[in-house]
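What follows is each chain in one-letter form.
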Amino acid sequence: MSFFGFDTSLPPMDKLELSKEEKNNVAQDLDTFGLKDNPILDDDEELNNETFGASADIDKIDRNFDFTAGNSLFEKQMQGQDKGLTNKTLSSSSSIEREKTYGIQNSNVKSASDMLNERIWNQYNTGKNGYSDEVKNNENINTSFDYNKYKNVSLSQIESQMRLENQMANFSPLQIQQNMQMANYVNSPKVAMDPNQMTPQQQQFQQLQQQLQQQQQLQQLQKHLQQQQQQQLQYQQLQQQLQQQQHLQQQLQQQQLQQQQLQQQQLQQLQQQLQQVRFVNEIEQHPPVPQPPKIDQHRVLNLEDLEASFRAQSLSNNMQNQVNTPPMPVPFPNDNMSLQTFLALQQQQQQQQLQQQQLHQQLQQQQQLQQQLQQQQQQAQQQTQPQQPQQPQQPQQPQQPQQPQIFQQKPFQQKSLNQDNQQFQNRMPNQKQSFNNRYNRQYQNNNSNSGNNYYYQKNREQRNSSDFEKKEDEYSGLMTRKEKELIAKIQISQLITDDPYSDDFYYQMFTEKKNNDKQGETKLNWQQTYLMKQGKSGNLSSQMQQQVQHLIDGRKQKPKNTQFSLEGALGKIALNSVRNPKQLLQVNKDKDNTKKVAINTLTQPQVTRLVHYRTLASIENVYTYILQLEQKERQKNLNKEQNSDNEDEHNEEETEEEKREREDLINKIWNELKIKDEIPLDKPHPFIHFLSYSKGKKVIPRVLHFLSKEQSLAFLNLLLLRLNRLDVCADNADPVEVDLFINSVVPPLVNFLSEMPLCVINGCFGILLKCYNMAWMGKCKVALAILTVFLSRAEILRQDISSEPVIAPNIQKDLQQWSELYDHLFNLLRNNFVSLFSENGSDQDDVCVWQFLAAIAISAQSIEYQKSLVMEVREKVFETIKNVENEQGLVNVNLFLHALGIDASQIELESSV
Amino acid sequence: MADQEQPITNSVEEPLDLVRLSLDECIYVKMRGDRELKGRLHAYDQHLNMVLGDVEENITVVEFNEETNEEYIRKIQRAHDMLFVRGDGVILVSPPRRN
Numbered sequence: 001m002s003f004f005g006f007d008t009s010l011p012p013m014d015k016l017e018l019s020k021e022e023k024n025n026v027a028q029d030l031d032t033f034g035l036k037d038n039p040i041l042d043d044d045e046e047l048n049n050e051t052f053g054a055s056a057d058i059d060k061i062d063r064n065f066d067f068t069a070g071n072s073l074f075e076k077q078m079q080g081q082d083k084g085l086t087n088k089t090l091s092s093s094s095s096i097e098r099e100k101t102y103g104i105q106n107s108n109v110k111s112a113s114d115m116l117n118e119r120i121w122n123q124y125n126t127g128k129n130g131y132s133d134e135v136k137n138n139e140n141i142n143t144s145f146d147y148n149k150y151k152n153v154s155l156s157q158i159e160s161q162m163r164l165e166n167q168m169a170n171f172s173p174l175q176i177q178q179n180m181q182m183a184n185y186v187n188s189p190k191v192a193m194d195p196n197q198m199t200p201q202q203q204q205f206q207q208l209q210q211q212l213q214q215q216q217q218l219q220q221l222q223k224h225l226q227q228q229q230q231q232q233l234q235y236q237q238l239q240q241q242l243q244q245q246q247h248l249q250q251q252l253q254q255q256q257l258q259q260q261q262l263q264q265q266q267l268q269q270l271q272q273q274l275q276q277v278r279f280v281n282e283i284e285q286h287p288p289v290p291q292p293p294k295i296d297q298h299r300v301l302n303l304e305d306l307e308a309s310f311r312a313q314s315l316s317n318n319m320q321n322q323v324n325t326p327p328m329p330v331p332f333p334n335d336n337m338s339l340q341t342f343l344a345l346q347q348q349q350q351q352q353q354l355q356q357q358q359l360h361q362q363l364q365q366q367q368q369l370q371q372q373l374q375q376q377q378q379q380a381q382q383q384t385q386p387q388q389p390q391q392p393q394q395p396q397q398p399q400q401p402q403q404p405q406i407f408q409q410k411p412f413q414q415k416s417l418n419q420d421n422q423q424f425q426n427r428m429p430n431q432k433q434s435f436n437n438r439y440n441r442q443y444q445n446n447n448s449n450s451g452n453n454y455y456y457q458k459n460r461e462q463r464n465s466s467d468f469e470k471k472e473d474e475y476s477g478l479m480t481r482k483e484k485e486l487i488a489k490i491q492i493s494q495l496i497t498d499d500p501y502s503d504d505f506y507y508q509m510f511t512e513k514k515n516n517d518k519q520g521e522t523k524l525n526w527q528q529t530y531l532m533k534q535g536k537s538g539n540l541s542s543q544m545q546q547q548v549q550h551l552i553d554g555r556k557q558k559p560k561n562t563q564f565s566l567e568g569a570l571g572k573i574a575l576n577s578v579r580n581p582k583q584l585l586q587v588n589k590d591k592d593n594t595k596k597v598a599i600n601t602l603t604q605p606q607v608t609r610l611v612h613y614r615t616l617a618s619i620e621n622v623y624t625y626i627l628q629l630e631q632k633e634r635q636k637n638l639n640k641e642q643n644s645d646n647e648d649e650h651n652e653e654e655t656e657e658e659k660r661e662r663e664d665l666i667n668k669i670w671n672e673l674k675i676k677d678e679i680p681l682d683k684p685h686p687f688i689h690f691l692s693y694s695k696g697k698k699v700i701p702r703v704l705h706f707l708s709k710e711q712s713l714a715f716l717n718l719l720l721l722r723l724n725r726l727d728v729c730a731d732n733a734d735p736v737e738v739d740l741f742i743n744s745v746v747p748p749l750v751n752f753l754s755e756m757p758l759c760v761i762n763g764c765f766g767i768l769l770k771c772y773n774m775a776w777m778g779k780c781k782v783a784l785a786i787l788t789v790f791l792s793r794a795e796i797l798r799q800d801i802s803s804e805p806v807i808a809p810n811i812q813k814d815l816q817q818w819s820e821l822y823d824h825l826f827n828l829l830r831n832n833f834v835s836l837f838s839e840n841g842s843d844q845d846d847v848c849v850w851q852f853l854a855a856i857a858i859s860a861q862s863i864e865y866q867k868s869l870v871m872e873v874r875e876k877v878f879e880t881i882k883n884v885e886n887e888q889g890l891v892n893v894n895l896f897l898h899a900l901g902i903d904a905s906q907i908e909l910e911s912s913v
Numbered sequence: 001m002a003d004q005e006q007p008i009t010n011s012v013e014e015p016l017d018l019v020r021l022s023l024d025e026c027i028y029v030k031m032r033g034d035r036e037l038k039g040r041l042h043a044y045d046q047h048l049n050m051v052l053g054d055v056e057e058n059i060t061v062v063e064f065n066e067e068t069n070e071e072y073i074r075k076i077q078r079a080h081d082m083l084f085v086r087g088d089g090v091i092l093v094s095p096p097r098r099n
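Residue numbers (full-length UniProt numbering), protein chains in the order written: chain A, 1 to 913; chain B, 1 to 99.
It should be emphasised that the hints constitute simulated quantities derived from the structure, not laboratory data. Heads up, the beta-carbon is just placed ideally off N, CA and C, and yes, glycines get one too. Where hints are given, some of them may not hold.
[Claimed, not checked] Here are the simulated DSS-like cross-link-like pairs (lysine-lysine), alpha carbons at most 25 Å apart as the crow flies: (1) A:K695 <-> B:K38; (2) A:K698 <-> B:K38; (3) A:K697 <-> B:K30; (4) A:K695 <-> A:K513; (5) A:K683 <-> A:K695.
[To be verified] Cβ-Cβ distance ranges computed for the label pairs, FRET-style: (6) A:A730 <-> B:H42: 33 to 43 Å; (7) A:Y506 <-> B:R78: 20 to 30 Å; (8) B:H42 <-> A:H550: 47 to 57 Å; (9) A:N732 <-> B:H42: 43 to 53 Å.
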């Protein structure tokens, strides 16, 4: 059973041998450690009967008994059992055997524990962390070990402390951690508390701590035993190694002999070649040695450049130094030599270098081994002299210095003791890895075993790399960072515009529309989105554009001429750019000679071509002005948002000039519309002609946005006056145009009217009723629509007014007037409501009628009106409802019925009844 | 909008202004390759690249029959909702023929 990972298997004490005194000791121990009441119940009976600790009777313990034998970690490592300290590895029986084997001091053979103790002793003596041969030799190892000094300090304690200081590096991290925890725990202030002041809980706590310490000591003891076992094993292995190395040495000598012979042969060959080559060289010119590339100091070098230069340097260096190999002139890799021979030469060089390195390593290892052997022999001699009591309070003879050596050799041992070069070849990859860092490549190239072949090294990484990540692009590093940035700047600068709406108008509109469609909540028409300026853009590309724009603005401040004239050069030199392409023609704009003859008299209502084009021209002009106006508006809003933090005064100052420009434009529009032109009613009005074109209709809402109230009112008046002349009100009106008119011209009127008082509506209503007869108006959708607008607006106003407590007299007048007008209207329509519906009209056509009827119903001031209205329309209503499939019809009818306060579903019941 | 693109004029100055007057109007375009277009002009530029809507395209093909030694004219009609016309193929632009 393992407690906290400690190995609790210990050499057992023979139960029979426990005398009474000893039993008392045990009992005392249990008492001190508080284990009597709460014994650490262990399957191992030995543990429970174990005697250890400071209170143990020293005299009774056999000092020669190697207490730690068989259980120390050190020994276990020697045996290769340092992993997983469990009971399996050390059964009680085997430990007993080991006791017998190792417990008794053998004068000639050093036990593992002895070595451990020596190490520890040396460690504490010298206080040095590492161990080196020189230190070992210089130390006075024969100082007698003062047992009394370390009497009360157990081996385990010292070992644990050393472990804590990481001086015994071979313990597992878990153990080290546990030891540190224990140390921290031990050193914690709790332990130092006054027992009298402690509560019973704390006392228990402290007892538990002591238990933990106990266990820790136990574990350490076991480890010591193990270590000593391992030490002895190692010693045996060392002896074997000695023999092997002697063999090795013999082989090495043989190899050296062979190599020397080889070298001599090669020498002769190369000398012959050299002579040939030199002869050839004398005839021809010497080929140039590849120079390192001239490093342009102005250029920023990156690593690739550096590497290339280094490589070339190394190349030239390698061709000049032939240091590694023994005097063997390597011919220059020039063109005169065939590639094959050159490669063969290189391979030979590589092999020689390899062998040399191997030789070196072998020699070094042999030396190390020899030194270790010497040390061991010395230690063995030392140990015979002093006696080393084996107790839990064992003297700690530092044997640390030896341990690293032994453990160093351990990996060497565990590999196959193959006396070939395999061992050394195994070392080669280690070397390679250490030089794999690209920054060391220069050194790598210089010291490379693979020779001086540039081609070999050029693709070496590609060929050798198995990892995809290590692969390098052949073309990487051709451009410096600055160059890349320059290209990027150029590309982005071409995207920058002062005014995206002018350079890329359609795309801007498209995106705005798309965004609005996506949002969908506020269905702005495209004109409104056009006005809404987009604030700070969050895309990366637009940010980059802004950055580059800053750069460009800075450059723009420098005066730049589109034409650059040199002195002495004929003509002007045009500096072409993306926005300023080469001018091929030179066109002078002459003054306008054409004068238009104003045609005021138009007998025929037929539109002449001139009038047609003139109207179109005025429409286009209006468009131009509108676009400019809207651009200014967007600019203003942009500035507003940007300057939202600034003071308002600053804003106002700036916009004075803009205001002027704005008003100027609006005036131009107004003039272009010719609304103010007073033309007798029988003659066609240009504005009406303006509205006959679809694009004229489309621009009206945008224009109305900018017009003042007076202007809008004038517009409305003109519209009403000339309603019958509108193209949409004609009998053969194009339904598309009609719909367009209703959708584009009427809504802004609604907006305008919402700000107008009741008197205005009265006036407009009066005009309508005066000018046109109801019959015609009933057929004209547009008229109906306008009427509907008036009716609904008036009703809203009326309700607002009547809700107020105090009504001014003039407003009272207005109300009265309105009711009169309404009555008039109703009377006109009485008995004719059904005739409003066109005979062949579709449901779409009827929408207007139903809306109109609904408006009338809402505005009805007395129930009588409503009743009569319903009476008349009743049939129609039923008709529409009966046709169940007709959804649009139902909707239409509901329009009307909701105004009355009822729904179509209710009426169904009635009809059934 | 920049002033450079659409000069503030009260009268037609450039020939292209006439095309401007035809914006949003039905026009007739004669093109190379014996093609004719009739459609609503939505956009144009100085190269006379145009965007036309609701286009009706007429292609006149002259086929020569070697055996019978006669050539006969065939007309192909195509319709497009929206069409972009490259300017260098345009021969003329005019209001639709009043047939």
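Status of each hint after checking the structure:
1. A:K695 <-> B:K38: Cα-Cα ~19 Å, so holds.
2. A:K698 <-> B:K38: This hinted pair holds, its Cα atoms lying about 22 Å apart.
3. A:K697 <-> B:K30: Violated - the C-alpha atoms of B:K30 and A:K697 are around 29 Å apart, more than 25 Å.
4. A:K695 <-> A:K513: holds (19 Å)
5. A:K683 <-> A:K695: holds (23 Å)
6. A:A730 <-> B:H42: 33 to 43 Å: violated (26 Å)
7. A:Y506 <-> B:R78: 20 to 30 Å: holds (25 Å)
8. B:H42 <-> A:H550: 47 to 57 Å: violated (36 Å)
9. A:N732 <-> B:H42: 43 to 53 Å: violated (26 Å)
Of the numbered hints stated above, those contradicted by the structure are hints 3, 6, 8, 9, listed in ascending order.
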